[in-house]
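As given, the protein sequences belong to chains E and Y, one line each in that order.
Note that the numbering used here has the first sequence beginning at 6, numbered continuously upward.
Note that the numbering used here has the second sequence beginning at 380, numbered continuously upward.
What the hints contain is simulated information worked out from the structure, not anything from laboratory work.
Quick caveat, the model's predicted, so the values are computed rather than measured.
We treat Cβ as the ideally placed atom computed from N, Cα and C, and that holds for glycine.
Take these hints with a grain of salt, some might be off.
To be verified - The calculated SDA-like cross-link candidates involving lysine to any residue, where the alpha carbons are at most 20 Å apart (straight line), are:
{"id": "1", "chain 1": "E", "residue 1": "K290", "chain 2": "Y", "residue 2": "H734"}
{"id": "2", "chain 1": "E", "residue 1": "K290", "chain 2": "Y", "residue 2": "D737"}
{"id": "3", "chain 1": "E", "residue 1": "K480", "chain 2": "Y", "residue 2": "G598"}
Stated by the list, open to error - Just the calculated beta-carbon pair ranges, DEER-fashion:
{"id": "4", "chain 1": "Y", "residue 1": "D546", "chain 2": "E", "residue 2": "P491", "range": "49 to 57 Å"}
{"id": "5", "chain 1": "E", "residue 1": "A306", "chain 2": "Y", "residue 2": "P505", "range": "38 to 46 Å"}
{"id": "6", "chain 1": "Y", "residue 1": "T644", "chain 2": "E", "residue 2": "F297", "range": "55 to 63 Å"}
{"id": "7", "chain 1": "E", "residue 1": "V262", "chain 2": "Y", "residue 2": "K474", "range": "26 to 34 Å"}
{"id": "8", "chain 1": "Y", "residue 1": "P777", "chain 2": "E", "residue 2": "P311", "range": "26 to 34 Å"}
{"id": "9", "chain 1": "E", "residue 1": "P311", "chain 2": "Y", "residue 2": "D467", "range": "38 to 46 Å"}
{"id": "10", "chain 1": "E", "residue 1": "P303", "chain 2": "Y", "residue 2": "K474", "range": "47 to 55 Å"}
{"id": "11", "chain 1": "Y", "residue 1": "G469", "chain 2": "E", "residue 2": "V313", "range": "22 to 30 Å"}
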Amino acid sequence: MNDSLSNPHGLSRRSFLKTSSLGAAAVCATAASSTAQLGGGFTQISPIPVGRPEQFLLDRLTFGRNPLMAQQLMARGWTGFLNWQLQDQGEDPILDEDLFSKIAAENPVPASLWSYSPYDILIDPTYGPFPGAQVQGQAPQVLILAGQYAEHQLKWVMTDFLQNVHNTFLQQPFAYLFWLVYLRDVIHANALGKYSDLVKASGKGASMLNYLGQPQSNATNPNENYPRELLELHTVGPLSHLAWGSLWETYSEADVVEVSKILTGWDMNVSATTELGDFFFNPSKHAGGDKFVSITGPGSAGKTYPGVLGAGLGEGEELIEDLCDHPLTALQISYRMVQWFIGDDVTGTYYEPWVRTALAFQNSGGSLKETIRELFNYEYLHQIRISTSNGTNAKAKVRKPIDLLIALKRSTGAKLNGQSASVWDWLVQTFKAGQIPGYWPAPNGYQPQNEKWIGTLQPRIQLLNDSFFGDNGLKIDNAALQAIFPESLPISDYARTADLHVFGGCLPSGEEALITDYLVNVVPNLPDSPDPRRWALFLLFASPSYQYYC
Amino acid sequence: MKNSEIENRREFLSGEGLLRATAGAVAAGIVAQRAVAAPAARPGGGVPHVLVQLYLRGGADGLTLCVPVDEPNYHAKRVETRVYHPDDTGADPDKKADLIVPAIWNGGTLERTGFGLPPAFAPIKPLFTSGKLCFVHGVGCLGSTRSHFQQQDFSERGEHIGTTNKDGLGWIGRHLASTTPLGSGSLRGLGINSFQIKSYSGGDGVTPSADPEGFSFPGEASLRTQLAAMYALHGDPLKTSLMNDLEAIEKLNGPGGVAWGTTRTAYPSSDLGTQFRQAFEVIRDVPDIEVVTIDYDNIAGQRWDTHNDQGVFQGTMANLMADLSNTLTAFMTDVDTIARKVIVLVHTEFGRTLHENDGLGTDHGRGGLCMVLGDGVSGGRVITRGWEGLDDAVLDPPVTGDLPVSIDIRDVQSEIAEECLGNSTSNVFPDETYDYDSLGLIGP
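Same shape as in the complex, but just chain Y (with noise of 0.2 Å):
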């Protein structure tokens, strides 16, 4: 983009244009406007990757997606809705897990347990096997609550639990304004979401769209233009919202904008297979995008939340699991094909009760789930901090409770930001009373 196109659009925003000019002509020429340069690279770093996130909202439980097959407890305590060892010759040849990582054993003692995939999230296998994909065990974020709606909003936000929202800003939303734009400015993040989530709270050059490949602006130019200068001199922040989707239609659906429908690979033809597809296309077509982020909260109806009926095998998780793994792996290929680089963050607010219910569905639990592919990401491992087993003595809370969370959610966040998106912990998670802590999850 040309250096006298980014002040038109800082005059626009500050208003000044308006006043300098008729209003339809300031605007038209900032709708007319078109961002194809390349992408480019952070001040002291390269391009940064594209971060995809992916949250699985409900709560969705790690220990079913990962499968500590080696834990006594877990098969003690999961009677209905357990996956079984692999080695178990009694068990239902259905029911077993695909083992990932095998145990560690000193003599006769467990050292680790040994993590497996359940069938229908076995699919995802080959992105371990090929290390493009880590589990990290054990995350969530620090402080008591169980509640879904407190849990996202802290693990969105990036601070600690019981702390108050000081700057009212998401984690994103904290890297999109504290990092210089890779291009106009413009659709610096797509949410595939019929409104704005926490994350990217503050944000700039933020646009949701439940559906990026009919986002485009009805009417002819003049309305674009009229509109805008109403917007313009109502001012914010509708302004800058409509500013954002005026360039974003321009970006996705004008001339040169997203080819919609021509990835090689095919996906599944559910919500979230149709929103991957989307993200790749939107990676591969739109060079300044910096991030997409989607929600997955149910297929059918059926929903992570799975406090009744798990359906491990059959039904809910296993329609989830064969759902989400199918859409990886299909993304993941696409991404293989293009030059930009791609760094996938799943994660959910936290896990689920050790304890399957009487219902035979699991209940809010603590230590949570989280996967991270991509490009450079040390794959093929199950990472872990002070992973103690399930043994009662170490559940949160004892005895009757669950997997603790040992690894704070910041540090995944932290390693991506710095690792990836060329910035540094101190913008992102301003929070002086965390300090980052690698996990290692990005280099060989």
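Just chain E, same shape as in the assembly (with noise of 0.2 Å):
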């Protein structure tokens, strides 16, 4: 094995810097075959001494625990796992009838929400003149229910992800028509498939389009506000870097003018029909002649899309090409990937991670799939784990508030009541505790880093504690705890059979012990006679230790 995988810190980053491609390319090879050395299960490896390997990666690959998920990581070993959810899932979850009826129980709207076409919703009578409103409480639940039940977790996750990669903003005047089906025709259907292609389908997107304004861009003096955002959140980023064993330069202000040239003309249907929000080219208003972008091209030397007659869609399609395939966007994808899934010390401690991932984005032509493979090759993130396991791996990761939503969900099997007001109640306590999928109003969407989040632990707690013991829209059954706590489990084991359900063993035995002493003694003694079984798990969904990703 390369000495730089047995000891990830050996590559430093200097010494990195002043890798040249060959170099980098021999730390690639060394990763794929040591994925293939793996051949599956972690069990093949030495104990992993933080927390518990699974629940390492069931905390990323899904939306939280729950005994399905639990059983196929434990069939399927962590290799095995990530092929399953990695693998090609056919139909759109969304639209299996499953997965629909139990989010239209929970959720009670219209059809036309349903069939995910803007004209449906602009018409549809129940909503009566002011849809807006209705449609943006309702719409963030599809990602929470989705997240919730959806098997092929994994694809929902990312679609989390890239959502904020790419994020449109709810709220904005006419956005809840095309919110939606951005998010399942474009975020979603694109999640594990080759970047680039997300990205012409987001450029493409009514949502997009509508929210930055592109139509509205003309050839005379052409509005950057897309353009610019393309170039700095969706592909090669602001910064400069030096990898691959040169300095990649990012763009310059003048890039910003010539790309907003070129996308001049992308535009979209806004009649009152069935083509409603459908992308067109409008050739009218694109800007001609010939465009120089300084980054892009042959060695990103530079390059000239010419303005030829008729072709105009084409220039900007082959720019975004061009763009995904420029180096800086595999950093900055596999950047924003690690910062989101693994920890923020992106550039310290995950630095050959977030090598590692931008080189197999890179070499595989943006695939998704090969840069998540590569973000959970099991080895070296055994290898990290092990070499700060008693530092700040421990905490690397915490949850957002919308992770710790649907890991409740998903572990208790509980499901919003049905009434509309409640799920409205439920959505604005969730934006009090900090994050509703859509309701980011900038485009850089929700971030990921603990410091944003550290702060914020009584909306968290207040939240929780309505969840179990309140009435906040939010139903946990009886049934779901006597699955969970058999009926002979003497209190003093409920702790650690919340922990094991939920959290898969990971917490540490002092907050274990505490939240036993708390449910022999003091929970008997607390009015209206509450439930052991609740007070275990909402203390166990608010421990500190629950609060990051194990």
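Assemble the dimeric complex from its two separately framed chains, guided by the hints.
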């Protein structure tokens, strides 16, 4: 094995920056070899000292542990589970009848919402004259409920991640018409596909077009809004990097102007017909003439996009392909993935995962599937966990509020009570906790850094409390509690049982002891004869360790 | 607060308390404490102002908020979205500026433009004329980026664009970390947000809450005790976070806490109006609060990032400006009724392009606008540094560009830190390459 793999810190940042592209390729080849040698289960590897390895994966590839996922992971092993989640999944799970019926039972919305047709929503009489607010409340539930019920969790986890990379704002005027179809047909449909396909679909998506105003752009004074975010957030990013043995300069302000010209003419149908929101290229708005972008082309030395009559749409599509091929895009997307899934210290502790993931992105032509496969390469994540077992990795990633909520629903089978008013109340509470899909106003989406979320304990604990004991629209059935806690189980074992069920045994013994102490000595004396099973789960979810991924 | 209570808190934060006693006893002692003592003075100075930072996220257009009405290039490049000069006899009266600073002419030469307010922002004029408000034009971060997120990051870190965040701190965080708390050390800063903003990074005693009125803790006191014990065992940063929350709850909503909904002045019913009403009530009722921050992203989905349909007279900016001016007016009216001094900094990440685009919006520009309001502000002025007009030659870049950055945002922040917060520039902006240059914002 390569030394740099047995000691991930052996490949320092400085040494990497000196590494030639040949050296970088060697790292990549070694990684591929290591993956092949694994051949499946994590049981082949020595135990990981912090937490449980399967929980590490479940916390990242899924929205939370449930019996099916735990069973599948134990049966398939780390690599087998990863492959299972990465395989082609056929029909969109959100259209699956079973999933659909579960969602509809919890979230009583008109059928037009499930048709994903902007026009159907627009003319649905049940929404009355002001449908926006209702749809704005209902649409985010789709991601939450799909996250709870979908079997192919990874695709929805990636949908959540990529929806934030390609964020659109659900509260913007008219956004309610387009956000859900964007989530399904643009983000989810491409969540494990080729990244450039996603970027092109995003740019043509009515939700993005409406959000960043590209249809208002014209040849004379183009709007720079979408073009700038295409460069900064969706592809190459704002910073130059030294990687692959070369210094890669990022875009200039002149590039923003030129890219804005290239993308003029990207338009959408705004007629009140079944074609509402459909993309079309409008040649009358397109800026003619040659455009020069300084960072694309062979060797990223610059490229002219000739203004050929009748080929205006092709200019933009070619530009996006070129941008997605650029090493800076590989670095940016992999940076965001490492930060989202693994930990914040990307340029330090997680430097090697970042670079290796970027190489996987680059070498696979922007395949998100291969990028994820490398990101979750068991062997070197295992090495990092060992090397930081008493340090940063044990508290590497704080759960975002949505992660916490969906995990609660998955592990307890909690359902919304089907009352629209309650659904809205629950959403407002979720908002106070800091996160609702589609409600981040700026194009950069919700951010995953720990410092954003560490200070938000009070609304989390309030939300958990109301979910377990209050009347916030969420129901946790006694039947589910009975399935988790056998009747014969003594209360002194409840904390351990809750930990194994929800957290895979990752709860430190000290916290478990304090929960047990509370269940045994305090809960019986609380008013209204509280159910200790609910208290066990509530305290587990509210525990400090559970605020982090395992 | 008694010294023993401070010691208890320190012990708790260090985990030593947990070793010396049962978890329950320690935590119960802490959550029961309530700090109501008058704020202490900074060494060598008086009681500092409360800082209220309002961040207009998205890049608010300074050239609309405070219009340089005599600049020919402004009128030439904002054909459809300009605010007309008040003396323009051919203009629609509803599209004329309300003059706040007259032009300076030397013979037939314009030495400095006059400035005016657009109709939707005119309600803020009384604050300006009474000397409680000044505008600062041409403010921004040095460097060339026009990215929202980089500019926000650098302006909140208080570092030069292109530098790395050496200490990982925000400018308010550095201020809090380098000063003695005025009271118990909890709720030194309140962010009326659902997450922590970068400005606070590194600051002790900061609590973000989107709903300070509902900021409470569920269940019996025993639950607080047990969770406090669990978090103490787990260690930082969650331990401190929970500690801050528990103490903040006591200050905001415990016995003798904030009397919510009791302002004399009516605030707009918008989110911003509610946030400023809450800010005032916290400042009024929590004696040792030091900073309140508010982000202003949008009103009903309409954002400051006005790439399309800027809506100067009707629409996006008109709605935002009306909400902003009415809210600040209500807030400053209430602030006049309390003894505590308050300084308000309103800023944004950059200005917008001088020229409008085909969508009748403006794109990301360079020099932006700050507003400073409060006690001791040298108000009634539009402060610039080396304002050379908006002729093609002075734009950034020349001819096609925009109002340049002539004032480092840190000069505004530094002056507030030095003159109002009892701190020093070297503490708040340790960057050795930065030299503070006073703008005279504060003073007679």
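So does E:P311 sit 38 to 46 Å from Y:D467, Cβ to Cβ? holds (45 Å)
Does the Cβ-Cβ separation between Y:T644 and E:F297 fall within 55 to 63 Å? Check passed, 56 Å falls within 55 to 63 Å.
Would you check the hint for E:K290 and Y:D737, treating anything up to 20 Å between C-alpha atoms as holding? holds (10 Å)
Would you say the C-beta atoms of Y:D546 and E:P491 sit inside 49 to 57 Å of each other? holds (52 Å)
Can you let me know if the beta-carbon spacing of E:A306 and Y:P505 is within 38 to 46 Å? violated (58 Å)
Is 26 to 34 Å right for how far apart the beta carbons of E:V262 and Y:K474 are? Given a distance of about 29 Å, which is inside 26 to 34 Å, the answer is holds.
Holds or violated: E:K480 to Y:G598, with C-alpha atoms at most 20 Å apart: holds (19 Å)
For the range 26 to 34 Å, tell me whether the beta carbons of Y:P777 and E:P311 fit it or not. Since Y:P777 and E:P311 have Cβ atoms about 29 Å apart, the given range 26 to 34 Å holds.
I want to verify a distance hint. Is the separation of the beta carbons of Y:G469 and E:V313 within 22 to 30 Å? violated (45 Å)
Taking the beta carbons of E:P303 and Y:K474, is their distance inside 47 to 55 Å? holds (52 Å)
Decide if the proposed pair is consistent with the structure: E:K290 and Y:H734, CA atoms, cutoff 20 Å inclusive. With Cα atoms ~19 Å apart, E:K290 and Y:H734 stay inside 20 Å; holds.
Violated hints, listed in ascending order, are 5 and 11; each of the other numbered hints is respected by the structure.
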